[in-house]
Structures are given as structure tokens and as C-alpha cells.
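Asker: Residue strings, one per chain:
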Amino acid sequence: MKISKLLVGLIKYMFVITLVVISVVPIVWVLMSSFKTNAQILESAFKLPETLNWSNYFNAFKIAPLTTFYINSIFVAVFGTGMNLIIIGMAAYVFARFEFKAKSILMLVFSISLLIPNTSVLYPLYVTMNKLGLYDKLQGLILVYIGFGLPVTLYILKSYFLTIPKEIEESAKLDGAGFLRTFIQIILPIAKPGFGTAGVMQFLLCWNEFQFALILTSGNNSRTLPVALSYFNTQFASNYGAMFAATVIIVIPSIIIYAILQEQVVSGLAAGAVKG
Amino acid sequence: MEKKNRLWIAIFLLPSILIFCLIYGASVVTLFGSSFTEWKLASKLEFTGISNYVNLFADKNFLKALSNTVIWALLQSTIHIFIGVTFALILSKKEFYWKFARTAYMIPNIICSAALGMVYLSIFNPKFGAVNNIIRALGVEDFSQNWFMDYSSAFFTVTITWLPFAGVVAILVLAEIAAIPEAILESAKIDGAGEFKTNIYVVLPLLKNIIGTCVIVAATSMLKNFDIIFMTTNGGPGNTTLNLPLYIYKTSMLENNYGYANTIGAFLILLGIVMLIVINKAFKLGQSDI
Numbered sequence: 001m002k003i004s005k006l007l008v009g010l011i012k013y014m015f016v017i018t019l020v021v022i023s024v025v026p027i028v029w030v031l032m033s034s035f036k037t038n039a040q041i042l043e044s045a046f047k048l049p050e051t052l053n054w055s056n057y058f059n060a061f062k063i064a065p066l067t068t069f070y071i072n073s074i075f076v077a078v079f080g081t082g083m084n085l086i087i088i089g090m091a092a093y094v095f096a097r098f099e100f101k102a103k104s105i106l107m108l109v110f111s112i113s114l115l116i117p118n119t120s121v122l123y124p125l126y127v128t129m130n131k132l133g134l135y136d137k138l139q140g141l142i143l144v145y146i147g148f149g150l151p152v153t154l155y156i157l158k159s160y161f162l163t164i165p166k167e168i169e170e171s172a173k174l175d176g177a178g179f180l181r182t183f184i185q186i187i188l189p190i191a192k193p194g195f196g197t198a199g200v201m202q203f204l205l206c207w208n209e210f211q212f213a214l215i216l217t218s219g220n221n222s223r224t225l226p227v228a229l230s231y232f233n234t235q236f237a238s239n240y241g242a243m244f245a246a247t248v249i250i251v252i253p254s255i256i257i258y259a260i261l262q263e264q265v266v267s268g269l270a271a272g273a274v275k276g
Numbered sequence: 001m002e003k004k005n006r007l008w009i010a011i012f013l014l015p016s017i018l019i020f021c022l023i024y025g026a027s028v029v030t031l032f033g034s035s036f037t038e039w040k041l042a043s044k045l046e047f048t049g050i051s052n053y054v055n056l057f058a059d060k061n062f063l064k065a066l067s068n069t070v071i072w073a074l075l076q077s078t079i080h081i082f083i084g085v086t087f088a089l090i091l092s093k094k095e096f097y098w099k100f101a102r103t104a105y106m107i108p109n110i111i112c113s114a115a116l117g118m119v120y121l122s123i124f125n126p127k128f129g130a131v132n133n134i135i136r137a138l139g140v141e142d143f144s145q146n147w148f149m150d151y152s153s154a155f156f157t158v159t160i161t162w163l164p165f166a167g168v169v170a171i172l173v174l175a176e177i178a179a180i181p182e183a184i185l186e187s188a189k190i191d192g193a194g195e196f197k198t199n200i201y202v203v204l205p206l207l208k209n210i211i212g213t214c215v216i217v218a219a220t221s222m223l224k225n226f227d228i229i230f231m232t233t234n235g236g237p238g239n240t241t242l243n244l245p246l247y248i249y250k251t252s253m254l255e256n257n258y259g260y261a262n263t264i265g266a267f268l269i270l271l272g273i274v275m276l277i278v279i280n281k282a283f284k285l286g287q288s289d290i
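Residue numbers (full-length UniProt numbering), protein chains in the order written: chain A, 1 to 276; chain B, 1 to 290.
Quick caveat, the hints were computed from the structure, so don't treat them as lab data. One or more of the hints may lead you astray.
Covered by chain B, according to a simulated footprint, are these stretches of chain A (three or more residues, beta-carbon under 8 angstroms) [claimed, not checked]: (1) 79-93; (2) 105-112; (3) 200-211; (4) 260-270.
Glycine included, every Cβ here is placed at the ideal spot set by N, Cα and C.
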């Protein structure tokens with residue numbers, strides 16, 4: 001009895017440890033390798049780098065216009081998140097608080113977006129962006145990402161608004177606050193945690209999205225970081241060190257944001273999944 | 001006052017409606033409309049009825065992409081879910097390491113998947129990759145499997161870049177376990193059920209809904225799976241790792257066969273809806289948002 005219990009415990013630990021190791025070690029390995037020279041990388045896969053050698057990072061920035069890509073990515077993530085929260089937040093508030101004729105139909109129509117894998121509309125969206133003159137423009141990517149984030153943001157914010165007691169608005173109304181003032185001065189401050197959750201999810205979407213960034217941009221002026229990686233993959237495949245450095249540069253912000261805002265990510269994922 | 005509110009309601013809804021129409025509405029109309037046409041780079045759009053749909057089933061690449069997509073969806077909704085649920089059940093005992101393990105296990109799910117593709121490409125690199133070096137160090141000299149490029153291993157290798165990483169499943173299930181009333185678990189204990197029995201007969205049935213949701217998320221995620229495959233095998237060698245998203249990309253962007261690409265897109269949406277119905281039926285998911 002005791003031995004079998006021990007064995008089960010051991011298997012459980014092994015299971016958890018294995019999964020944690022394969023989740024973390026590959027990324028740590030890439031981080032470690034990013035400080036090695038090409039020769040050291042080829043010589044031994046596991047030797048620790050002797051010194052913190054930053055030359056791969058300088059090289060990466062020299063080979064590809066990473067600075068531009070970085071600025072593009074930040075620009076897309078900041079505006080893609082901010083505008084998504086404002087636009088969808090307004091709709092979510094109305095859905096949570098008011099009754100109007102088209103409400104259920106509109107909610108149903110918005111839910112359709114859940115049934116559409118983004119990939120399926122690859123070419124139609126490409127055409128739309130071209131027609132709007134937004135091909136190869138950061139504004140185009142921002143617009144697309146605002147749309148992609150619609151279902152999750154709408155769901156998270158609507159649920160959050162529903163948790164706010166109605167009495168708060170009623171007393172604001174008695175004090176003479178109008179629709180807009182109630183929303184901005186009363187509701188928004190209370191709903192900050194909801195916006196935090198939705199914002200983190202939307203930020204990660206904008207920062208990580210690859211497929212549409214790939215097809216909607218062509219020049220260096222509007223490419224984002226994930227697309228820059230495919231650049232290294234095809235054109236500079238032999239410069240391993242720079243390739244590792246570029247990978248690290250892209251991955252680090254997501255990990256930092258996740259580490260700081262873990263609870264938001266967890267609840268955001270929960271909301272997003274229940275939705276899907 | 002009421003009238004004024006109606007105006008504000010309209011103003012608040014309008015931007016979202018515009019975005020929706022632009023990104024989804026127009027796209028879906030174009031998608032289904034042009035799936036009945038021949039539409040190529042230098043030729044005029046021409047109505048061809050359902051011939052695109054008929055052609056799909058004579059297209060070897062499409063059939064391969066479809067079967068890969070379905071196989072991956074099946075693996076994802078079984079093995080992936082099993083791994084995630086088991087992980088969550090172990091962590092739910094809240095031993096000292098549970099928060100750390102939960103956080104670490106999530107990392108592959110929150111970073112850029114194109115970058116993740118790059119990481120795996122390096123890990124499995126035949127020359128300097130960690131995997132081959134470990135195998136060599138274990139005594140298999142001159143081991144030089146080209147994991148992503150070899151016919152024998154490509155499918156397996158891309159599959160394990162996502163199959164074991166069920167961090168999202170684990171988090172969702174953990175949250176659900178935390179919501180199980182303490183009294184239920186207590187009474188199982190009093191009745192003499194051990195940990196294993198409690199998990200199988202008491203906890204798992206209570207998790208039916210969330211597991212169903214996870215299966216939907218996991219299965220449908222395979223309908224959008226593009227980044228890692230694009231970065232690693234790009235569907236190759238041959239078409240061994242081709243899936244529907246990648247085939248849509250290749251057909252539209254590289255071959256400029258737009259009408260046909262949109263047919264595949266339309267098919268992908270229908271496939272998703274079928275999956276949703278089947279999984280909902282299988283789990284008898286009561287309340288559904290859709």
C-alpha cells in the first residue's frame with residue numbers, strides 16, 4: 001500500500017515536471033544561445049555562454065530593421081488595444097444596460113464572428129484592405145485587430161458591466177448626470193478591472209498576431225515583429241545567433257506582461273474560452 | 001430624456017457595427033459569393049456554380065489538408081484535453097509548487113506563436129539543436145534526424161509543438177475545480193473514497209461542462225493553426241503537414257486562385273460549425289452562448 005502510494009506520487013511529480021520542463025526549457029535554451037557566437041552554437045548545444053555577449057543583438061538590429069519593426073509593433077499594440085477597448089466598451093455598456101428593439105438580433109449577429117475562423121476570410125479581408133487603401137499600412141492592421149478582438153472584449157466587458165449595481169447609475173441620474181457623463185465619470189472608473197482583463201488579452205493578440213500581419217504588409221515600413229522573424233528564417237538562416245536574439249526580443253514583452261498581469265490573463269482566458 | 005438616450009445608444013453602437021460589417025460582414029459575403037465563381041489574378045470573375053466545391057474533392061492537396069486538420073482536431077480534443085485535465089487535477093491539491101507550475105505551463109500559450117515556431121525550429125535543428133545533441137549525448141553517435149524536413153518525422157514533430165501544451169485547459173479546469181463546494185468532497189472522503197476514486201466519480205462528472213468547452217476551444221483552434229506550421233515545415237515535406245489554413249494561404253497568396261481559396265474558406269467555416277454541433281451533442285452542453 002505504502003509503496004504503491006509512493007509510486008503514484010512519483011508518477012504525478014514526473015508528469016508535472018515533464019510538462020513544466022518542456023514548456024520552459026526550450027525558451028531558456030534559446031535565450032542562452034542568443035549570447036553565444038555562431039561557432040560556439042555549433043560547437044556545443046549546452047555549454048553556457050562564457051560572457052554575456054550582446055553582439056548577436058547588435059547584429060540582429062543591423063541585419064534587419066528591427067527598430068522600425070519594434071516601433072511598428074508597439075504602435076499597433078497600443079492603438080489596437082486602446083481603440084478596441086473604447087469602441088467595443090461603448091457597445092458592451094449599451095448591451096449590458098439598455099433595452100432596445102434590435103438588441104437580440106444585434107447580439108446574435110455579433111456572435112457570428114465566433115463561428116468564423118479568422119483564416120477563412122484571409123483573402124476577402126485582403127481585398128477589403130486594398131480597396132480601403134489600407135494595404136501595407138499600420139492603420140489597416142489596427143483596424144483588423146480591433147475586429148478580431150471584438151467577441152472577446154465584448155464578452156468580458158459586458159459581463160463586467162453587468163456586475164455593477166444599477167443603483168449607482170440611478171443615483172447619478174438623480175444628481176443630474178446625463179448619459180455620457182454617467183458612462184465616463186461613474187461607470188468607467190468602476191469598470192477598470194474589466195478593462196484591464198480585456199486590455200491584456202487584446203494587447204497579446206495585437207503583439208502576437210502573425211498571419212494577417214504577413215499578408216497585409218509588404219514593405220519594411222509597416223511590418224511588425226512576428227513578420228520580422230520569418231525574415232530571419234528565410235534570408236539569414238545561417239546567422240543563428242542573430243536569429244536567437246530576434247526571437248528573444250519578441251518573446252520577452254509577452255512574458256513580462258504575463259508575469260505582471262497573470263490574474264488578468266487567467267480570467268481573460270476563462271472569459272474568452274467560455275465565449276468560444 | 002428617453003429619446004436622448006436612444007440617440008446615445010445609437011452613437012455608442014455605431015462604431016462596433018461598422019467594424020463588424022467591415023471585418024466580418026463584408027468578408028463573409030465575399031467569401032460565400034465568390035466561392036461559386038472562378039476568380040484568378042488576370043482573369044475576369046466568372047460564375048461557375050458549385051464546380052469549386054466539386055473540385056475540392058478531387059484535389060489531393062485539399063484532401064490531405066482536410067484529413068490533417070481533422071486528425072489534429074481529434075488529437076487535440078482527446079490527448080491534449082487529457083493532459084490538461086490531468087495536470088489540473090494534480091495541481092488542484094494545491095501543493096507548494098502549484099502556482100509556479102501553472103504559470104510556467106502557460107508560457108507557450110501566451111507568447112507569439114511565430115516565435116514559438118522559431119524556437120522549435122532551433123530545438124529540432126539537425127546540426128545544433130538541443131534534441132539531437134541530447135540523443136547524441138545519450139550514446140547514439142552521429143544521430144542526425146532532420147525532424148521537420150524528413151517524411152518520417154515531420155508530422156509527428158509539428159504535432160508535438162502544440163499537443164502537450166494544454167496550459168489554457170489546465171487553467172480553465174482548475175478554476176472550475178476551485179468552485180466545487182468543499183462539502184461534496186468532504187462527504188466523498190467520509191464515504192471512504194480515495195483521491196483517485198473521488199476524482200473519477202465525483203470531480204470529473206462535475207467538470208463535464210468546462211471540459212466540453214475546452215474540447216470546443218481545442219478542436220476549433222486547429223482550424224486556425226497557421227503560424228507554427230508556416231514557420232517550421234511550411235506544409236512540407238511534400239504535403240505531409242499541410243492543413244486548411246496553410247492551404248488557403250498558398251492558394252490565394254501564392255497561386256492567386258482566389259475563388260478556389262474562398263471555397264476552402266467557406267468549407268472551413270462549415271467544418272467549424274459541424275464540429276461545434278457534434279461536440280455540443282457529445283457533451284450535451286446545456287447553455288450555450290452561440
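Asker: Each hint: holds or not?
Answerer: Evaluation of the provided hints:
Evaluation of the coverage hint for the stretch 79-93 of chain A: fulfilled, as 5 residues show C-beta separations to chain B shorter than 8 angstroms, against a requirement of three. Coverage of the stretch 105-112 of chain A by chain B holds [criterion: at least 3 residues with CB-CB distance below 8 angstroms; count 5]. Coverage of the stretch 200-211 of chain A by chain B holds. Counting CB-CB distances below 8 angstroms, 5 residues qualify, and the rule asks for three or more. Residues of the stretch 260-270 of chain A with a Cβ under 8 angstroms from some Cβ of chain B number 5, which satisfies the need for three, so the listed coverage holds.
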